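Please model the entire structure based on the sequences and the hints provided.
First to last, the sequence lines map onto chains A and B.
Quick note: the first sequence uses the working numbering, first residue 1, plus one each step.
Quick note: the second sequence uses the working numbering, first residue 254, plus one each step.
One thing to keep in mind: the hints can contain errors.
[Said to hold, decoys possible] Just the calculated beta-carbon pair ranges, DEER-fashion: (1) 206(A) with 367(B): 38 to 46 angstroms; (2) 483(B) with 107(A): 25 to 33 angstroms; (3) 12(A) with 457(B): 29 to 37 angstroms; (4) 43(A) with 322(B): 33 to 41 angstroms; (5) 167(A) with 367(B): 32 to 40 angstroms; (6) 506(B) with 21(A): 50 to 58 angstroms; (7) 206(A) with 509(B): 35 to 43 angstroms; (8) 460(B) with 21(A): 27 to 35 angstroms; (9) 503(B) with 77(A): 23 to 31 angstroms; (10) 363(B) with 100(A): 45 to 53 angstroms; (11) 284(B) with 33(A): 43 to 51 angstroms.
In short, the hints are calculated from the structure, not lab data.
Predicted model, so just to flag it, every value in this text is computed and none were measured.
Glycine included, C-beta positions come from ideal geometry on N, C-alpha and C.
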Amino acid sequence: MHAVIEPAIAVDHLVKRYATGTAVAEVSFALSPGSVTGLLGGNGAGKTTTLAMIMGLVTPTSGAVRVLGALMPRQRYRVLGRMNFESPYVDMPMRLTVRQNLSVFGRLYAVAQLPERIAELAGDLDLCDLLDRPTGKLSAGQKTRVALAKALINRPAILLLDEPTASLDPDTADWVRARLERYRAERGATVLLASHNMAEVERLCERVIIMKKGRIEDDDKPGVLLARYGRRTLEEVFLDVVRGRGEARAAAP
Amino acid sequence: MTRRTREPLGLSAQRVTAMVLRYWYLLRSSWPRLLELIYWPAVQMLMWGFLQLYIAGNASFFARASGTFIGAVLLWDILFRGQIGFSISFLEEMWARNIGNLMISPLRPVEFVAALMIMSLVRLAIGMVPVTLLAVAFFGFNLYGLGLVLAAFFANLILTSWAIGILVSGLVLRNGLGAESLAWTVMFLLLPLACVYYPVTVLPAWLQLVAWSLPPTYVFEGMPAILIDHVFGGDLMLEALGLNVVLFAIAVSVFVILLDSARRQGSLLQTGE
Chain A
1 MHAVIEPAIA
11 VDHLVKRYAT
21 GTAVAEVSFA
31 LSPGSVTGLL
41 GGNGAGKTTT
51 LAMIMGLVTP
61 TSGAVRVLGA
71 LMPRQRYRVL
81 GRMNFESPYV
91 DMPMRLTVRQ
101 NLSVFGRLYA
111 VAQLPERIAE
121 LAGDLDLCDL
131 LDRPTGKLSA
141 GQKTRVALAK
151 ALINRPAILL
161 LDEPTASLDP
171 DTADWVRARL
181 ERYRAERGAT
191 VLLASHNMAE
201 VERLCERVII
211 MKKGRIEDDD
221 KPGVLLARYG
231 RRTLEEVFLD
241 VVRGRGEARA
251 AAP
Chain B
254 MTRRTREPLG
264 LSAQRVTAMV
274 LRYWYLLRSS
284 WPRLLELIYW
294 PAVQMLMWGF
304 LQLYIAGNAS
314 FFARASGTFI
324 GAVLLWDILF
334 RGQIGFSISF
344 LEEMWARNIG
354 NLMISPLRPV
364 EFVAALMIMS
374 LVRLAIGMVP
384 VTLLAVAFFG
394 FNLYGLGLVL
404 AAFFANLILT
414 SWAIGILVSG
424 LVLRNGLGAE
434 SLAWTVMFLL
444 LPLACVYYPV
454 TVLPAWLQLV
464 AWSLPPTYVF
474 EGMPAILIDH
484 VFGGDLMLEA
494 LGLNVVLFAI
504 AVSVFVILLD
514 SARRQGSLLQ
524 TGE
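Written out as structure tokens, the structure reads:
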């Protein structure tokens, strides 16, 4: 008899309709605890809306989202303390220093031994020299590191990332990816990563869900997807899916 | 050969039209912005109109009631600045695009509101204490001389200001920063109706019913009574408290409804205009 492992995130026939159209249409997937999954899709594919429903920020029109067994958004307060999120679409107060921001969020998440945790994160994310500077005065790369520190402040079991390396130079982006890999390895966290960056997804993710127009077009391990589409990179697979397989092949040299 | 369009003084009619259209599209899609256009003129006209009526019938009254205006101004500021203090703290999160971070944190709405109420008191204290001391220095008017009566007035005014602040915050959450102007203007609707500078009897009979449904009216009626006649209407303060409890419950309920609506509309991540 096999023990049944409850998924960390279970999305079941999720639908989100707005007056202007359907953002997410009948999306279902389940993420194993400790897995890293990439959510790929072009602009308007429904990635951010799906993430927002998982976090309880958006109420689904129909379907259900369970995070660590809690139904979102109704039972969100059971799990919000064990989740966190990073996105270029939200900021932290710009006039507060990095230390003040981390202190506020640390208190919101009831982080024990907060000064030590902030010092630990500052060391890990190379923020020591920035801690007493206003967040608004930092460069884009520095702000991303601060946002990542905020996302990791509570050592989340579920980490949701929406384009975490958008607008970063390749070196900083690579640096951020390395820190994410290390966090996942150390904490066994479940990571769901929405991204346009195929190299990032290829490097970090053991599973890839490709969305198009609010629906899941494909869902598998990167290697399986490459074999299925007869491609060498996820970018080519992504173009196959987004443009239509035959069209992409015709466009290929 | 490309035909060049002349742009006198660097002015492009096309770009100007585009911007006019941009603001027009914005205006017609945002009822708070439209409301604001008629709001100020209507409120100002009502308030000064009633004041004029009052002065015309009671000119001799001012000789023995000069302190009532200063008292009214100070109490009005408690009401207005209390709400502004609440609303600005809330708007700071919207301006900073931080509301998404807060909504996915374990912070509960009631905790958020409690923090805003505390900040309202802090901001009020910083702003009002020096002003009340100036009133003593310049006019010999000591608001603190009201003693426990002042506590009753203050409690009722601050409860109303928080209730209005909660309502406005819900509207901004639901409608985005397009509703921000309500934070600055909505309290002025109470200025003529709560009879800050004149007695309720100045109002037409039907509007008196509206005035007595507003908790601050009881305070602004009670203030001249204590200053001129040295009579404290404790029963009026209790009535105001009862109304405040109802108003506060309505405000919290509406806030919860608007927050749920914001979740349905997906507006918690999109907190722009």
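Each hint, compared with the structure:
no., hint, result
1, 206(A) with 367(B): 38 to 46 angstroms, "43 angstroms, holds"
2, 483(B) with 107(A): 25 to 33 angstroms, "49 angstroms, violated"
3, 12(A) with 457(B): 29 to 37 angstroms, "59 angstroms, violated"
4, 43(A) with 322(B): 33 to 41 angstroms, "59 angstroms, violated"
5, 167(A) with 367(B): 32 to 40 angstroms, "36 angstroms, holds"
6, 506(B) with 21(A): 50 to 58 angstroms, "31 angstroms, violated"
7, 206(A) with 509(B): 35 to 43 angstroms, "40 angstroms, holds"
8, 460(B) with 21(A): 27 to 35 angstroms, "46 angstroms, violated"
9, 503(B) with 77(A): 23 to 31 angstroms, "24 angstroms, holds"
10, 363(B) with 100(A): 45 to 53 angstroms, "24 angstroms, violated"
11, 284(B) with 33(A): 43 to 51 angstroms, "47 angstroms, holds"
Figure legend: structure checked against the earlier numbered hints; hints not met, in rising order: 2, 3, 4, 6, 8 and 10.
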